[in-house]
Amino acid sequence: MADYRDLFRHLGGELRVINLGLESFAETLEGLGVPVLHVQWTPPAEGDPGRARLLSLLEDEDGA
Amino acid sequence: MLVDCVPAREALGLAERTVLHSGPPLAWERACPPVQTAILCAIRYEGWAVDDAGAQRLVESGAVKLAPCHHSGAAGPMTGMVTASMPVFVLENRPRGNRAFATINEGLGKVLRFGANDESVVTRLRWLAAETGPLLGAALRAAGGLDLRALMAQALRMGDEMHQRNVAASSLFARALMPHLARTAPDTGAVARLAEFIGGNDQFFLNLAMAAAKASADPCLDVAGATMVATMARNGTDFGIRVAGLGPRWFTAPVNTPQGLYFPPYGAADANPDMGDSAIVETVGLGAFAMAAAPAVVGFVGAGGLRDALRITEEMGEITLGEHPHFRIPTLDDRGTPVGIDVRKVVETGITPLINTGIAGRKPGTGQIGAGVVRAPLACFEQALDALAHARGLA
Amino acid sequence: MITRTTLKRSFYQDSVALMGLARELRTGAGVRETAALMGTPANQALMADAGLLTEEARAAGPNDLVIVVQTDSAAEAEAALARAESLLTARRARVEASGRRLPRTLDSAVRRLEGANLALISLPGVFAAAEARKALRRGLHVMLFSDNVALEDEIALKRLAAERGLLLMGPDCGTAYLGGVPLGFANVVPRGRIGLVAASGTGLQQVMTLLAAAGEGVSQAVGVGGRDMSERVGAPMTLAALEALGADPATELIVVVGKPPAPAVRAKVEARLHALGKPAVVAMLGREVTAGRSGPLTTVATLEDAAAATVARRRGRAWEPRAFSDAAAARQRVKEFRAARGTGAAVVRGLFAGGTLAYEALLILEPLLGVDSVGGNLGGHGGGPHRVLDLGADEYTVGRAHPMLDAALRVEEIQRAAKEPDTAVLLLDVVLGHGAAVDPAGDIAPALEAARRHAQAHGRGLAVVASVVGTTADPQGLAAQTARLEAAGAWVLPSNAQAARAAACIAGEPRVAEALLDGGA
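Chains as they are written, first to last, in our numbering: chain H, 1 to 64; chain G, 1 to 395; chain U, 1 to 521.
There could be a bad hint or two in this list.
[Claimed, not checked] Here are the computed distance ranges between Cβ atoms for each label pair:
no., chain 1, residue 1, chain 2, residue 2, range
1, H, 10, U, 42, 39 to 47 angstroms
2, U, 370, H, 13, 34 to 42 angstroms
3, U, 249, G, 336, 37 to 45 angstroms
4, U, 89, G, 263, 32 to 40 angstroms
5, G, 249, H, 32, 18 to 26 angstroms
6, G, 263, U, 11, 51 to 59 angstroms
7, G, 27, U, 89, 44 to 52 angstroms
[Said to hold, decoys possible] Over the 10 angstroms line for every Cβ pair with chain H, so calculated as not near, a few chain U residues:
no., residue
8, 46
9, 86
10, 112
11, 114
12, 127
13, 164
14, 178
15, 227
16, 271
17, 319
18, 378
19, 514
These aren't lab readings, by the way, just hints derived from the structure by calculation.
This one's a predicted model, so the numbers in the text were calculated from it and none came from an experiment.
All residues carry an ideal CB built from backbone N, CA and C; glycine is no exception.
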């Protein structure tokens with residue numbers, strides 16, 4: 001396991017959030033002045049489970 | 001680098017009696033009327049048949065072969081006709097050593113690339129081969145080649161996107177070539193005719209942009225394991241893509257029909273399905289992908305306003321791997337154009353590449369009836385994704 | 001009756017937005033019923049059950065938005081659908097007011113938001129793990145609010161996070177507080193010296209709000225998800241968070257909230273706590289918890305005690321758990337309620353929005369009312385008659401908004417419980433804070449009043465006992481929410497634990513009240 005001792009020093013600066021899912025969470029953060037970007041997310045491969053699985057396998061392969 | 005202009009037979013090593021066309025492989029029976037008509041005209045131009053009926057017999061019997069431009073290192077706009085005696089520009093990708101080729105753009109109106117098939121077309125083609133090609137070749141050789149990437153980067157900053165709008169690029173090209181032309185041309189008459197030809201054709205640079213794009217994209221086909229689109233091309237029937245890492249294999253699906261604005265008296269019902277190798281321009285981050293750099297084009301292609309142009313460039317950013325290091329958009333704080341279409345992102349988001357395109361008339365010989373946008377079909381990318389997974393042993 | 005459908009292809013909207021839309025449409029003239037759902041098979045089954053599965057709805061795909069309206073007339077149907085259209089457009093217009101499109105993927109969002117360091121993921125469970133993996137790969141911490149994430153995925157994600165020194169908070173992590181920023185469902189609390197690690201969202205909320213009431217603030221609060229301390233997962237995020245809090249100069253005392261872990265895991269966690277050299281309070285909600293003190297560690301059995309013990313430690317005071325903060329007032333109210341109760345069977349019906357709050361209530365009620373006599377959906381062994389229900393559990397929330405967001409389900413259950421002649425006590429939690437409903441107390445107050453009137457009309461008393469998990473700084477306002485409940489006749493106690501005890505005092509044998517109130521009713 002990596003060293004977590006500096007975790008809050010790094011995070012202590014400024015939280016900058018990417019929100020996927022309920023838009024209300026992003027709205028709350030915006031209201032608090034927290035930098036947040038809401039993603040207009042849709043199911044991968046338009047919901048096709050076979051292709052979605054391939055996409056995730058191809059992503060894994062890359063280690064990117 | 002644009003280094004020369006020579007007959008296709010020489011540059012492409014074309015087998016005799018071959019007609020190259022745009023897009024993925026296409027059988028005669030499946031070709032749309034403008035493509036068929038263009039093929040017949042090209043055969044007559046080469047003198048392999050004296051009339052259309054004879055030309056058709058040659059194709060149907062296989063005596064004249066059809067093949068994609070891309071298979072011979074070329075890219076052709078619209079019907080994309082290339083035959084042995086047509087002069088082609090030669091582009092060299094210096095660092096990689098590969099070359100790409102494109103014919104000289106014939107001009108606007110009744111031309112071979114829109115499936116026109118009368119004597120004026122043949123006459124013009126003969127003039128291009130006899131006078132224009134050699135003139136350009138001599139000037140380019142004397143110039144030691146022209147750096148087209150720098151020229152295109154500059155044109156992008158002048159409102160061109162290199163697909164629908166090439167007027168700045170065409171002008172920069174003419175300016176760059178002029179001294180060399182003046183020194184190498186046999187007489188001023190020839191120079192004048194060429195100058196008038198280029199000056200009267202705002203789309204002159206399109207073929208050069210396509211060849212340049214192809215020259216930079218082709219080396220990707222050898223990069224194993226990559227998921228980037230290296231070719232997008234249409235032949236009026238099928239839309240085909242080729243993907244880095246999967247080599248020369250085509251993934252095809254039926255083309256869509258472009259939507260946009262039409263010159264009177266034409267309308268949507270007159271439109272031919274999508275055709276041309278010019279989507280290679282979008283493949284390298286220009287054309288529709290650089291729409292934000294060409295607000296003047298936005299209305300012409302039917303979209304609405306600068307905000308929409310920006311939105312389109314941003315949308316293409318969702319499916320690309322990065323930003324182009326050389327092609328930058330002033331209206332976006334000099335950010336690079338979105339480049340490197342990732343097959344995975346297309347399938348993941350369902351966002352398909354948008355292509356700026358001219359719209360040809362369905363009836364052969366009508367010529368261009370308008371301009372607009374068209375989307376690449378999702379099915380091509382889905383097939384490519386399946387193949388990528390299979391190639392990695394994942395499926 | 002007319003039924004009309006609108007189908008919007010490839011038009012994904014999140015479930016909360018759609019429920020809001022459906023609720024809006026229902027208020028339209030002549031509208032009897034509506035559905036606004038993505039065309040997944042599960043939703044199509046729901047529509048079929050509601051008699052709303054039209055031909056078009058059946059043909060929809062999982063990525064298509066289906067809006068069905070059932071009205072008295074065709075004109076009203078058209079109006080309703082038109083209204084749906086404009087509501088959807090208004091939504092899109094609002095999000096794009098800046099002129100820029102919102103990013104469509106995590107990838108393009110990361111490119112756009114420079115320095116992004118946290119992904120807050122509340123997508124449907126089946127998609128959430130893949131997005132969490134992407135986020136971790138890009139070096140982001142993750143708060144995984146989504147539930148229904150497979151255990152195997154959780155283990156793999158946490159392994160990946162641990163390799164990179166990142167937090168993966170969750171799955172099913174509803175609350176966190178990092179760098180002073182409340183995340184998910186979180187209350188407005190002052191910044192301070194107490195760091196928390198919690199396996200439960202509402203559990204964390206209860207402790208933080210009680211600390212805030214006592215004037216103590218929070219340095220950081222990390223949610224680890226309900227399964228982190230299980231044997232299979234092995235507490236990686238708990239241990240990571242503890243390490244981080246141990247080294248955080250702003251944290252002077254650590255609180256851990258969860259359920260009793262497997263012995264091997266417990267040993268690891270306690271060893272880590274001992275090694276950190278900071279005082280710690282550990283609240284493990286379970287049946288066999290032994291409270292006590294061992295070196296720097298204080299173990300307690302309730303969320304309220306966690307806060308109390310923490311405050312005491314901070315102030316260098318001794319501390320003892322006690323049943324009620326105001327025993328005298330409690331004694332008086334219990335006496336009144338018992339008198340009004342009548343002599344027949346007296347059943348407690350707990351209707352909870354917070355799962356951990358429900359569980360804490362169950363743990364308190366069992367020994368007081370009899371272990372076998374408290375049933376519900378929390379996996380206890382009791383068969384009733386008393387019932388404690390976690391209304392946020394899966395079986396209640398399929399196709400419905402979570403009770404933290406929408407009171408409709410709770411109102412139904414209140415009405416149902418009120419009709420049962422043996423119901424003597426309704427026991428409730430009301431949770432405030434960011435993300436929660438705008439007026440949770442106001443949403444249930446009418447139903448509570450109606451329930452009490454109904455009982456009165458049938459000659460019996462109905463006691464409504466509640467706690468409000470919130471702070472004065474919360475958007476809803478602790479005082480205002482408390483007042484609203486009291487105006488509806490509820491007895492509002494300072495904590496969930498006290499509310500559970502109060503319920504037991506009212507409904508249980510006399511000896512219960514005697515034991516808890518020193519002499520009792």
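Quick rundown of the hints versus the structure:
1. In this structure the hint that residue 10 of chain H and residue 42 of chain U lie 39 to 47 angstroms apart at CB holds, the actual value being about 40 angstroms.
2. Checked against the given bound of 34 to 42 angstroms, the beta carbons of residue 370 of chain U and residue 13 of chain H, roughly 53 angstroms apart, lie outside it.
3. Checked against the hint of 37 to 45 angstroms, the C-beta distance between residue 249 of chain U and residue 336 of chain G comes to roughly 43 angstroms, which is consistent with it.
4. Between residue 89 of chain U and residue 263 of chain G, the C-beta spacing of about 33 angstroms keeps the proposed range 32 to 40 angstroms intact.
5. Restraint check, residue 249 of chain G to residue 32 of chain H: a C-beta distance of roughly 52 angstroms breaks the suggested window 18 to 26 angstroms.
6. In this structure the supplied range 51 to 59 angstroms is violated for residue 263 of chain G paired with residue 11 of chain U, their Cβ-Cβ distance being about 35 angstroms.
7. Restraint check, residue 27 of chain G to residue 89 of chain U: a C-beta distance of roughly 46 angstroms satisfies the suggested window 44 to 52 angstroms.
8. Every C-beta of chain H lies more than 10 angstroms from that of residue 46 of chain U, the closest at about 17 angstroms, which supports listing it as non-interface.
9. Annotated as non-interface, residue 86 of chain U keeps its C-beta farther than 10 angstroms from every C-beta of chain H; the closest such distance is 18 angstroms.
10. Its closest Cβ contact with chain H, about 6 angstroms, brings residue 112 of chain U to no more than 10 angstroms, contrary to its assignment away from the interface.
11. Residue-level check failed: residue 114 of chain U sits 8 angstroms from the nearest beta carbon of chain H, not beyond 10 angstroms.
12. Against the 10 angstroms criterion, residue 127 of chain U falls within the reach of chain H, whose nearest CB is about 6 angstroms from its own CB.
13. Residue 164 of chain U, annotated as away from the interface, has a beta carbon of chain H within 10 angstroms; the closest lies near 6 angstroms.
14. Not every beta carbon of chain H lies more than 10 angstroms from that of residue 178 of chain U, the smallest distance being close to 6 angstroms; the non-interface claim is violated.
15. Its beta-carbon lying about 18 angstroms from the closest one in chain H, residue 227 of chain U satisfies the requirement of being farther than 10 angstroms from that chain.
16. Distance check for residue 271 of chain U against chain H: the nearest CB is about 15 angstroms away, which clears 10 angstroms, and the non-interface claim stands.
17. Here residue 319 of chain U stays apart from chain H, with its beta-carbon at least about 28 angstroms from theirs, past the 10 angstroms limit.
18. Interface exclusion of residue 378 of chain U from chain H stands, the closest Cβ pair being 26 angstroms apart, more than 10 angstroms.
19. Distance to chain H confirms residue 514 of chain U as a non-interface residue, since its nearest Cβ pair spans about 46 angstroms, more than 10 angstroms.
In this structure, the earlier hints numbered 2, 5, 6, 10, 11, 12, 13, 14 are contradicted, and the remaining ones agree with it.
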